[in-house]
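Letter by letter, the chains look like this.
Protein chains: 2
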Amino acid sequence: MKIALAQINYHIGNFELNTKKIIDHIYLSKGKGADLVVFAELAVCGYPPRDFLEFEDFIALCERSALEIAAHCKDIACIIGLPVKNEVLAGKDLFNAAYFIADGAIKQVVKKTLLPTYDVFDEYRYFEPNAQFNCVEFKGQKIALTICEDLWNINDNPMYISCPMDELILQQPDLMINIAASPFDYHHDEDRIKVLSDNAKKYKLPLFYVNQVGAQTELIFDGGSLVFDQEGELKAEMKYFEEDLQVFEVGEVENVKNKYPAPARDSDIKQIHDALVLGIKDYFQKSGFSKAVLGLSGGIDSAVVCALACEALGAENVMAVLMPSKYSSDHSVKDALDLVNNIGCKHEIIEIKAATEAFDQMLAKPFEGLAFNVTEENIQARCRGIVVMAMSNKFGYILLNTSNKSECAVGYGTLYGDMCGAMSVLGDVYKTQVFELARFINAEREIIPVNTIVKPPSAELRPNQKDSDSLPDYGILDRILFQHIEKKQGAKAIIAQGFDETLVKRILKMVNVAEFKRYQTPPILRVSSKAFGMGRRMPIVGRYMD
Amino acid sequence: MKIALAQINYHIGNFELNTKKIIDHIYLSKGKGADLVVFAELAVCGYPPRDFLEFEDFIALCERSALEIAAHCKDIACIIGLPVKNEVLAGKDLFNAAYFIADGAIKQVVKKTLLPTYDVFDEYRYFEPNAQFNCVEFKGQKIALTICEDLWNINDNPMYISCPMDELILQQPDLMINIAASPFDYHHDEDRIKVLSDNAKKYKLPLFYVNQVGAQTELIFDGGSLVFDQEGELKAEMKYFEEDLQVFEVGEVENVKNKYPAPARDSDIKQIHDALVLGIKDYFQKSGFSKAVLGLSGGIDSAVVCALACEALGAENVMAVLMPSKYSSDHSVKDALDLVNNIGCKHEIIEIKAATEAFDQMLAKPFEGLAFNVTEENIQARCRGIVVMAMSNKFGYILLNTSNKSECAVGYGTLYGDMCGAMSVLGDVYKTQVFELARFINAEREIIPVNTIVKPPSAELRPNQKDSDSLPDYGILDRILFQHIEKKQGAKAIIAQGFDETLVKRILKMVNVAEFKRYQTPPILRVSSKAFGMGRRMPIVGRYMD
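Residue numbers (the numbering used here), protein chains in the order written: chain U, 1 to 546; chain D, 1 to 546.
If you're looking for bench data, these hints aren't it; they were derived computationally from the structure. Among these hints, one or two may not hold up.
Because identical chains share one entry, a pair is satisfied inside a single copy or across any pair of copies.
Heads up, simulated DSS-like pairs for lysine-lysine below, C-alpha to C-alpha not over 30 Å straight-line [to be verified]: (1) 270 with 239; (2) 32 with 139; (3) 32 with 142; (4) 334 with 492; (5) 139 with 509; (6) 281 with 20; (7) 492 with 21.
Note that the coordinates shown come from a computational prediction; the quantities given were computed from them, not determined experimentally.
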């Protein structure tokens, strides 16, 4: 039996597009001699459909698409993921399910048992867990078909009390298929290979795994569909960050040349780079936009965003706006212009002096006798926000936010100022990683000016300001933030690792106090195991850790 | 046996405050002769603690508080809600639990079975469902103790396949106690009475129900703790929107004079009014702030917010900023000043002309030859945003947002302009309800100027602009929005109710397209069964319904 794995970039709720892509891949697979083509979890509607699932006509459109797809399954079988109604009165109204389709008809429905409800996942919000286990029989083979999380309850600290493969194995299947929607983070490819390999080993079965690819607002699916033999050895690894279609002969998986020792895996920073480029590209394409605008300060964050945007959208579609003030240093404009020249994007220089002076004048009476402080710093940042949003409104550019994760974490940014934007490109990338990204982008030639990389970071909102005036060294800050955010460690545990007590407490307090700002941050492209946004849900008026 | 129900306003993560309040109420209850005092669900840490639950030291602080509380339980027993560790390896790491404490020690742990994971609730994100059922025995009585949702699986379309009381009833309990954290919406008091009464009737047991009170950012808990006899008749209803403590003699519940036919319930609009006042008050108090600022336009939304803020914080703590432009009508400033005079709050008048002219000049080159459009309208709104944020930054005022739910729904508002604010007061109140609120506020004397109520709504961002230029009549708009948002109806179902097809499709498209704006909206005080924010989670790049 030949199995095709179809790794496709879906668009949530775009039934026309998704159905067409699925049908096209059915014919492509048939052309390659496949007996069965496997599509990802919730392929029909895209993942995650979120509260669209609560609308009955959305579910009806899923079912209609499935019937249309089924009509094309002649002389080839297919597996597609979609939400289906729970016909039993008690329990949630839906299942996260897969249809096994053959001879133009839906032959079997397989339902997901383990419903991830943590971090960015909300599946128990919508779905009833499965409690019935049946293999799919096809061409004399018994297939243990599971859906994503169903295979993840395998190692230490299992999150669920049941394990679907422990049920299915009782029926003596010949192979495993797992359909997934597994979002990228820069360690997740390794975790995934480990967990899936452990399943193949535990159940002594070959395993065919297909993932989605493409970005859905903040979540980036990296593809990398996989095949393992019954020893748990990785036999095939499909493309990352691209659509792909490959066909495998089931009985011959063990004869495929072993992938391990594999070629060196892509570095974390290359993975982050590729993920962000795809994240920008898909946000624009799926929203129907093509052009981006951003404020270019001469600093490293906006330089990196500009380079990534040019790569994703083409330099001709990127407008960089330079907005110097009286506190901007001489090198700011020069460094920004050097980047523009290196990269070939459009630019405008718009000084913000007239606006800041106007506000000084308007606020002269209420502010009489009061000293310059963060208020006036914020006014500058907000005047810049107005300028880039005006460019966005007038020309249909989409504003890219340029804040990094370190800033987001400690609240070093101005709401409605530099925190504006339709999408945050670097909001899940710590400052130290932004430097790595800059060096990665410059690997072949200088795109980001060296001076942008080597000069001390500064917001330039008051004379001779440096980030280091109010923040610790980013090398230390980022390590503490990583422990707190990704590793969920409290002050005590972080201090026990050898960090300075006063510093740790100060930073954790800053993180907690900045919650109200992050609530209004644009959606952030997620590249780590714990990004700000939908995957991290904190009270705003809470008192813990201040 | 005498049972005290302690209805308390907790503060999430403020262990010192919560513990002190609980201990105080233990002594108060003892003073009133109670044998047992009952506190709400997750009383120890406040509800909802959200991802604070993922930090081990947070859980340790809950346990430490419980031990401190236990030490005060001499000659009185108590029930407190708190998260407790799941000592079994498999499954989620925590239970949503209750401690039964007597003689200074934790005697029994009762765990929640049904974990609400819908709308604003995320309990399965954190908690393992209970699967063991034991009554609490105390003073010769068997108590069937359940936690909030545990009693809600009773009527049509049950959301769960199990029912905890069906297990507990097998042990022949003498009474039921339910501890809850049940947030307000303007119909929820009636639903709650119905569901709890149905439980008392079904199991033929008296039922003692205690709820939290107070606001936690967007969620407002209304209190209204309840006692039913074994016929399901409501025998006591505690205060709404206030702390309360009442003691009941278990055997005498049936002798209490029947509450039904009850005095007329508070109107929806009075409930909404009281909820919003409490929401504002608690946001400020729990964040450690006392003063609010808002932009006062002369229109009805900002007038109502100003009146509510003055009621919540005292007029002396409210700063209204009038920011006329050349498009402001003569009556705008007059109507706003009339309100200020009626209500006695502080005010400033700051014209925005200097700023808008500065931006016109700064953008003259890139915008050369291009007509005035929404760009320039947004610049005005954003200049006002800068002014009120500057007042906030300079004086420590917290900015209240004044957008209503109708505007939020269709995207009729400017991001980083009138959509600024730390908290949205009316974001869950439709425009037609805002008018009702204004009339309610004016019931005893004219606070909101009549002209503000009777004039046609306008954003006044271009000459002679009216809301009705771009939006349908609010009476129709709000009814369509209600069907779509609260009732989750798609276009087809709404059209089938008799609404115009073109209009319905246009409005639903507007709602869908505005998702990116709502993502960056401030937290919205929730008063309906479906508010924008944490309870409504939509994809941004999704295509459904456009």
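Should residue 270 paired with residue 239 be assigned to within, between, both, or neither, using CA atoms and 30 Å as the limit? within (14 Å within a copy, 59 Å between copies)
Cα distance capped at 30 Å. Does residue 139 pair with residue 509 within a copy, between copies, both, or neither? Classified as neither: same-chain Cα gap 61 Å, cross-chain 46 Å, threshold 30 Å.
When Cα atoms must be at most 30 Å apart, do residue 32 and residue 139 count as within-copy, between-copy, both, or neither? within (18 Å within a copy, 76 Å between copies)
Taking 30 Å as the upper bound on the Cα-Cα distance, should residue 32 and residue 142 be classified as within, between, both, or neither? Close inside one copy (23 Å), not across copies (69 Å); limit 30 Å.
State whether the alpha carbon distance between residue 334 and residue 492 is at most 30 Å within one copy, between copies, both, or neither. neither (45 Å within a copy, 57 Å between copies)
I want to check one pair: residue 492 and residue 21. Are their C-alpha atoms no more than 30 Å apart within a copy, between two copies, both, or neither? Classified as between; 27 Å across copies, 52 Å inside a copy.
Have a look at residue 281 and residue 20 and pick one of within, between, both or neither, based on CA distance no larger than 30 Å. within (21 Å within a copy, 53 Å between copies)
Of the numbered hints given earlier, the model fails hints 4, 5; all others are met.
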